[in-house]
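Colleague: Protein chains in written order, with the numbering used here: chain A, 626 to 1061; chain B, 626 to 1061; chain C, 626 to 1061; chain D, 626 to 1061.
A few of these clues could be false.
Note that identical chains are pooled: a pair holds if it fits in a single copy or bridges any two copies.
[Unchecked claim] Straight-line Cα separation of at most 35 Å, DSBU-like style, residue types lysine-lysine; simulated pairs:
no. : residue 1 : residue 2
1   : K670      : K789
2   : K795      : K686
3   : K877      : K909
4   : K652      : K795
5   : K945      : K999
6   : K1028     : K877
7   : K909      : K945
8   : K909      : K962
9   : K877      : K962
10  : K839      : K877
11  : K953      : K697
12  : K697      : K962
13  : K789      : K945
14  : K909      : K686
15  : K839      : K789
16  : K795      : K994
17  : K670      : K877
Calculated directly from the structure, the hints in this document are not laboratory data. Note that the coordinates shown come from a computational prediction; the quantities given were computed from them, not determined experimentally.
There are 4 protein chains.
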Amino acid sequence: MNQYEYIVAQADEMKDRLTATRRDFHKYAEAGWMEIRTSSLIARKLADMGYEVLVGEQVCKRESRMGVPDEKALDARYETALSQGADPEYAPYMKGGMTGVIGILRCGEGPTVACRFDIDALGVYEDENDSHRPTHEQFASVHNGVMHACGHDGHATIGLGVAKILMGMKENLHGTVKLIFQPAEEGVRGAKAIVDNGNLDGVQYFLASHITDKAEDDPAVVIPGSYGSLATTKYDAFFQGVSAHAGGSPEKGKNVMLAVATAILNLYAIPRHSGGVTRMNVGKVIAGSGRNVIADSASMEIELRGETTEINQFVEDYAKSILESSAKMHGCTCELKLMGSAHSLTSDAVLIDRVRKVCEQDLKLPVAKMDSSKNGGSEDVSYMMNRVQEQGGQATFMRVLTKTSAPGHNRRFDFDESVLPNAVKIFCGVIYDILS
Amino acid sequence: MNQYEYIVAQADEMKDRLTATRRDFHKYAEAGWMEIRTSSLIARKLADMGYEVLVGEQVCKRESRMGVPDEKALDARYETALSQGADPEYAPYMKGGMTGVIGILRCGEGPTVACRFDIDALGVYEDENDSHRPTHEQFASVHNGVMHACGHDGHATIGLGVAKILMGMKENLHGTVKLIFQPAEEGVRGAKAIVDNGNLDGVQYFLASHITDKAEDDPAVVIPGSYGSLATTKYDAFFQGVSAHAGGSPEKGKNVMLAVATAILNLYAIPRHSGGVTRMNVGKVIAGSGRNVIADSASMEIELRGETTEINQFVEDYAKSILESSAKMHGCTCELKLMGSAHSLTSDAVLIDRVRKVCEQDLKLPVAKMDSSKNGGSEDVSYMMNRVQEQGGQATFMRVLTKTSAPGHNRRFDFDESVLPNAVKIFCGVIYDILS
Amino acid sequence: MNQYEYIVAQADEMKDRLTATRRDFHKYAEAGWMEIRTSSLIARKLADMGYEVLVGEQVCKRESRMGVPDEKALDARYETALSQGADPEYAPYMKGGMTGVIGILRCGEGPTVACRFDIDALGVYEDENDSHRPTHEQFASVHNGVMHACGHDGHATIGLGVAKILMGMKENLHGTVKLIFQPAEEGVRGAKAIVDNGNLDGVQYFLASHITDKAEDDPAVVIPGSYGSLATTKYDAFFQGVSAHAGGSPEKGKNVMLAVATAILNLYAIPRHSGGVTRMNVGKVIAGSGRNVIADSASMEIELRGETTEINQFVEDYAKSILESSAKMHGCTCELKLMGSAHSLTSDAVLIDRVRKVCEQDLKLPVAKMDSSKNGGSEDVSYMMNRVQEQGGQATFMRVLTKTSAPGHNRRFDFDESVLPNAVKIFCGVIYDILS
Amino acid sequence: MNQYEYIVAQADEMKDRLTATRRDFHKYAEAGWMEIRTSSLIARKLADMGYEVLVGEQVCKRESRMGVPDEKALDARYETALSQGADPEYAPYMKGGMTGVIGILRCGEGPTVACRFDIDALGVYEDENDSHRPTHEQFASVHNGVMHACGHDGHATIGLGVAKILMGMKENLHGTVKLIFQPAEEGVRGAKAIVDNGNLDGVQYFLASHITDKAEDDPAVVIPGSYGSLATTKYDAFFQGVSAHAGGSPEKGKNVMLAVATAILNLYAIPRHSGGVTRMNVGKVIAGSGRNVIADSASMEIELRGETTEINQFVEDYAKSILESSAKMHGCTCELKLMGSAHSLTSDAVLIDRVRKVCEQDLKLPVAKMDSSKNGGSEDVSYMMNRVQEQGGQATFMRVLTKTSAPGHNRRFDFDESVLPNAVKIFCGVIYDILS
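Bound conformation, chain A alone (with noise of 0.2 Å):
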């Protein structure tokens, strides 16, 4: 038995425990920055199987995070998680949304290899129906209002896989892995702050996966690589102006109203540009405090997107002269706060064609016709394969293809399990032939 049959061989062993972990995981659902009980769970096995562990200010960039929730709301997530089961040991250092673990295992001499797993779950409210397999098998989230609706809970479940395979292959590696299980990808709020706090510096190889709907006949388990995924960023912007008596006297105002209208026309009037596609959105609004007042405040949430970080640059530059001249035109201030933001990312051919070959010649697995996903929306672990490309390295983000019940980010999303084990085996493959 070589080392590929080996990893097959465990990840089909372990199939039901990942089924369970997972549903574990779906169970108790946590959002970005309050995933106090999943990271302390993992950190807690991590250690037991023997992994160097980071957790706490080891892991995040305190300053970097952005989207943070206010402090009551992640006091009574810590409090709660506690009571769910949370690693007493490990819970106290997530406090204040400092979730996220990184485990460490050292082989000797040879390249680094990090692997991004994403742990948060989404502001959706799971669907109650019996007809939804995670509420008829009694594993829906006990969290009204969060929800894994994006396969978080899988990914999460395939670093476990992987880590526990990789211990058992110790003696047949060379070099580093680097397992990242990364708070708070939803609204790409976490993945900067571990960037920040150097953890991807000396990685020559980054592989990370996003499980994917694919039609019921494709035997397929992979897209080895992905490219286009838009450049992001996410502004909160809040405008202060003077109230005033609107019948009264007006004048003595400065209306925050004007500011904000004129904000709002300019934003998606934004030029298009030639290089690629651009997004700009102003999803929310409130402003202004009652029907005969002059309005003194007003908050906008702000999304801006560009093919790629150079246009999405272009974009936000120009969204800030717009904001910032909308409000002084009027005798008002304009203060943003970031919200979140990703760049652009592309997968490395020499990689995507590894990942190929490992699968089909190596792990008998079959792979996609084609060898990139295009990703309309936006995704933070491309500051990781940027930091890692940017020093020499090669990464990919890969599709790990399974059949969902609905798509990503809807209330009745599940996905068939049978994809947990592929995953563990593509990755497992594949750093074994970095390393081996």
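Put chains B, C and D on the given structure of chain A with help from the hints.
Modeller: Below, chains B, C and D alone, put in the same frame as chain A:
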């Protein structure tokens, strides 16, 4: 002792009772369409005096009421009102926002004189500091966030004092007196419903007043007329579009954010009017659901004003055109809900002269040098005055003068209660002058 | 015969000469800063009468002039003016838009009285129909598109009549008379330059008038004062951006079209002012070069007004903020060129009373019942009045009444020339009253 | 000598005549719908060769023409064209903008092949510097501001060369050849009128080409297909409102300035489309008449584009909604005049292959490695191609390659005339391949 002397003596004699009544109303302040305790007690007292009493459907035309709170809030108020001493016979008529009372005194042949007394409180948090007299003397509002900060507690009290004295003079009156206790003046929501019910039809004379601050050393007790109150219309606008993923398929949305921004800028850009003052305000906007979703719904609180009813109509027509076209432009719809309205008002010079003469010659009360106050705000008593005037009758809106502790609508508002017997004298004196 | 009788007799006697002079000015109508023939002939006549004459740099401060035509147009006018009988001695001082004349009569000790007579025509095409009296009687403008449609031909004539009579009364005057013949009143471009040159410094009394229509049967010849003229500022705005191919690389442009549209909507949305009337208008826009090019330049004609100088300043400051920010928002620039300005004005009550007394008692001329006319337009005589008033002097802007054939600025405007001797009498009478 | 060799020999032989013809067209450059000299001479030559010639109403459907100059300009061109050697027999058919020619060669049974050659010049001022070859060699445009800066002089010349050779091969062809000399391609104004007249009905094969720059050392003479040309629609919008005095009675106006500003901002804010590229531009606006007048009329030049005809339609529908609602909102009207339009286009792969084979194997001409060029602009040949393709036919739009001295539409544009015989060979070779 002539009848004027009788009035003066009676009013002076009831001073303490007026103060007690005002403080009771103040303590149990009730917002517009919620004045169940207030209305039911007024009805009780009028009935006990011998008045013909109209309540419920007899007062306001149900569908002409504007800005009525939701059923749940109305029901809650009803229950609490009963526990606070609302009259159990009359309260049931007032359920569901059918508040207000009319007391009628028929004294044979002769003209009809109507008086308006408004009875509702405001959405203001009363000052809890002991330096605020109502707090110190323990008649501050027991309802957190509801306060008589505009003197309507005094207005209701004056009406009851007038009722009492007129009943005692019944033999000397020739004609009919209608005492209208109006709900929901704040937000100009109630008067139209009373007019629409025909309660001002056939009225030849109309009197109303508002408590107003004066200089410390000004002996005057009344300004006998008003003009220049702005006509106004208040709308809530509801925009409906279609949501879509802002990154994935922005073209599938119908974006209310664009409609709202277009409407805001154009509303403020409605032309100035050479005929007089105009005002427009978008005081509050809530739009959209999330950062990465094309916004599909929005609400907007709008207030329009004009120096005359015609100018206000110009502004209103223009605003409707803007709102409709802004929505249509983006494939959205915009529905308007009328939340309040008032005409401009002008007191009749001949009735102003009559008030002056009665006060100075008959009641020996000092009158302000100016005939009329300019009223920069809006008052829906204008509906009643206009109805009387368009039938050929005479109407005036007086200012009864006293010292106040803070501007109207302020949480520290209070007034010198000596205004109460003075106002009672003026109303009774003028009514007697007309009906004697 | 007293001096008032002398004035009346003299003015009546010169009636035909006044008419002839007015018609000569009418025929050779000259627009603002182009009044070379008009100015040079006035200077000639004043000099011939014996006045100390100021011309050229002595009248207007060169850099304070607003809305001066281009060099080429000024040169063309100069050449033509000479061929039309401009005075060859004085005309050279007026080259390059340095028009206007001041005649000074010094009569020893005593106060200084200044009078303003505006002399420029308008950009109006005079009616060529024979039913228009100037056409029928052959004194219509020989300059196509330039017409005395606002009566300044009459004003200049009145000034010369006043000059003539005062010189004849020289022995009976004690003080100084300054007769200011102002260029470029249309567009409110000229008065400030005269004030900035110090020509109103030390003036204690100031008189000016405008020919105004009255009812057929109204005997009054003058309204002795004015108030309520709107303060105003007029700007040309020039936007500069960067062009680009609209299809090929729209992101490379800096689009003035977006800046202009943002500015327009926000300018009209400048808040109403509780202190009084405001106005703003974007009367003309020319923007862009071709359909498929991102527009890189635009010009905009703007007019702002306020009921007081302060309110106009509020509007002006706000407008500048809007223009600057609208341009900056899109990476463009916006330069403003001041094209005209006027303050609000208010006649002094004591001088109004003096005019009334002189007219009614001394000159036996009927005066309008109202003291002051409300002037809804703008007048830059306000600069002169304000300068006199801020030094403690008295000023009034009168309406000299007559029948006109059409509203001012209309191509069929003409007036009953009997107003000319009447106005001469009033100016002379009041000046004598002050200086006797 | 086979027929391909005949074609090559003939084309090489006529090289000097092609150059002379091109330079004659260049010198007498005529803008769209004004190509009277050009059209009449083409008709003359086709007739002399023996072609059946269609002119005037036979070519373009009169009412389908877009962006036709005014009558006066057309008449002036007609007169001048005659003086410049226009053919006196054919020119009269072309009066009033009815330019364009179709030459038909019927060779018995067989398919119909149509070719499009566009013939109009641009509104560009040709460089008068002697370093510009047309200036130096004295064939620069004699019409100031009209220049063949896009190579259509060459296209017309190629068409005549093709006509000549095909007539010589008549015996060897089986089917029909239609040579369409199209007016007004610039601004995409002419093709639709030819299609609407039925001239592409029954056509099975369609060829067209454009002269395009290539690298100095690139031996290729043709790119055999194109795709990705943007669909486009061009409108002039005319806004009509009501003027009023901006100071005196602004409320009486219907202000097009507000309508125009609202339209501009919203046009640029039309949503991005997930299906592909969109563009919109307001390239030129002229609005209003004077500073103190509410603007009552405005014109706007608009250009819309979409990556497909459907996406362009989405943009066009949205733009119309914006324009209509922006006007209506302010009581104004907006009329649209269609000034040009084109579909997107895609060459048929099978015809591309055929061109490649004919060039490489039969004509021994090097073909570019890429099958298709992406064309970022717009071309109304798309109307013809779409008509042929929707009938089941095949069409291709080729790029004939040469060296140019400057980008298209530049005042220094010129090209290496060796492209002319090459293009003639390709057209003739492919037509022979089809009809042999």
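Colleague: Hints broken by the structure, by number, lowest first?
Modeller: 13 and 17
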